[in-house]
Amino acid sequence: MISVANAAAEVHAKPEGMPQFEPSMFEHQIFWSVISFLILLYLLNKHVMPAIKELLDVRAKKIEDDLASAQKARREAEKIQADLNNKLISSHKVASDVCEQARVEASLLRERAVEELSLELEKKKKAAVEDIEIAKKKALAEVQAVVVDVAVMATEKLIAKNVTKESASAMVDEALNEIKDSKTSLH
Amino acid sequence: MTLISSALASEAASTVVERKMDPLHHFQVHKIWDMSVFGVDISVSNSVVWMWIAVAVAFFFFYYSITGAKRIPGRMQSLAELGYLFIYDMMVGIIGKDEVPKFFPYVFTIFYFILFCNLLGLIPGSFTPTSQIIVTGTFAAIIVGISFLYGFYRNGIHYLKFFVPSGVPVLLLPLIIPIEIISFLARPVSLSVRLFANMTAGHTMLAVMFFYVVTLPIYGSWLPFGFSVVFTGVEIFIGFIQAYIFTILTCVYINDAIHLH
Amino acid sequence: MDNSAAALIGMGLAAIGFAGSGIGLGTLFGKAIEAIARQPGAEAQVSKYIWIGMAFVEAIALYGLVVVFIIMGKG
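Residue numbers (numbering that gives the first Met the number 0), protein chains in the order written: chain H, 0 to 186; chain G, 0 to 260; chain W, 0 to 74.
Bear in mind the hints are in silico, worked out from the structure with no lab data behind them.
Be aware that a few hints might be false.
[Unchecked claim] Below 35 angstroms or equal to it, Euclidean Cα-Cα: the simulated DSBU-like pairs (lysine-lysine) are:
#	chain 1	residue 1	chain 2	residue 2
1	H	52	W	73
2	G	30	G	96
3	W	47	G	30
[Claimed, not checked] In silico negatives: residues of chain H with every beta carbon more than 10 angstroms from chain W:
#	residue
4	55
5	72
6	98
Ideal Cβ positions, reconstructed from N, Cα and C, are used throughout, including at glycine.
Go ahead and model the full structure; you've got the sequences and the hints to work with.
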């Protein structure tokens, strides 16, 4: 506080004011600030600004080029992917065609096999029926022969013996048994 | 600051002399080399010397940052490119991309000139040319002059419409036009006073703190000392911000000259 | 009244002008923080304008300071 009072006293004793408002110092400062400004303007404009501008331009161009090439590479990759996709799709198609064909062939084969089988079965059935027919005829013929034999034998017996009522029926039974036997032997 | 040395010197010389606080002492311009050509005073003073130093530092900072420039930038090169793009993007934001190349050199130069003047002024013992109102006034006059002349060059006599806001009733025009003209004339004044006052105030504050650092006893002097350390950091920030404000207003004025409102 | 006394009073009165700058700074930062609180995404842009606005507001106070210095010279 004492020093502040002293300073105020000094100011009172020797008024100075701001050195900045001293008019005798104006002229050379105006002159030199204009000159300094122009010198700095010249130096920076000549040596610094174009160099920095070029640097920045070169870098911008490089980044642009890099971006363009990256874009190009990306496009190529996309193209390759599309090609691969197409190939995949076509191979899928080929595979499904092959499958379809195989299925068709298989069904054809099956049909043919079924047809052949049924034909054969038909043939076998026919043969069996014929066999049965033949066997039937043969059996019938045998039965006829047996019946004839029985009749012959019965007649022989009738003729050979003196026939009573009991003996006659016994003879018939005998004959019938014989027929029965022959019949069972037939089957 | 020269204030410290003068305060210390007066203390060393004799204790009889009262220590005085003169925070404006280091704004005094001393002519080092007195000369004039054709009646024009072109003396070299401490202010002029520090202007040259600012020019040299600004130029060599950029020049050495970009010599041997590589595609993958080093630290200094990144800084230089950042400084370039900072101004460029600011101008594109305000003026628009088409008109930037015409004005870019001026704006770039004015920004780095003022920035290096401000920052170099914080070195103890240095001088701050931007704390001289006549220097900032010259810069402001250059800028406003460029924008005014370009406005006429581009728009011809229509540029005078700039002083007649659209959509104002005719009756109000006699009132509005002088206001517009005065506000136009106030532009260089406010530009220059803002920069000069900021620099002066900051350095005066530092000078006052330094005065207390050397005059207070040791148990009290650490307080102003610590404050002065912190305030030097603030001054660096203010030096940057003021250069930025000066440049941004420059761009706004140029934009006004190009696109009449 | 003594000239120097009047100058001292004038310097003190000129410092009142700093109050306006203080009000301006308070409004500026208050509104800016409000804006950021409402829309945190716009923080970068808002803070850019804070610093520009701060420089303008502070300049007003410094005009007062310049007046103080001028009076100091006249006293």
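Verification of the supplied hints:
1. 52/H x 73/W: Distance ~52 angstroms between residue 52/H and residue 73/W Cα, so the pair is violated.
2. 30/G x 96/G: Status violated; Cα separation ~44 angstroms.
3. 47/W x 30/G: Cα-Cα ~41 angstroms, so violated.
4. 55: holds, 23 angstroms
5. 72: holds, 35 angstroms
6. 98: Since the minimum Cβ distance to chain W is about 60 angstroms, residue 98/H lies beyond 10 angstroms and the statement holds.
Hints 1, 2 and 3 from the earlier list are contradicted by this structure; the remaining hints agree with it.
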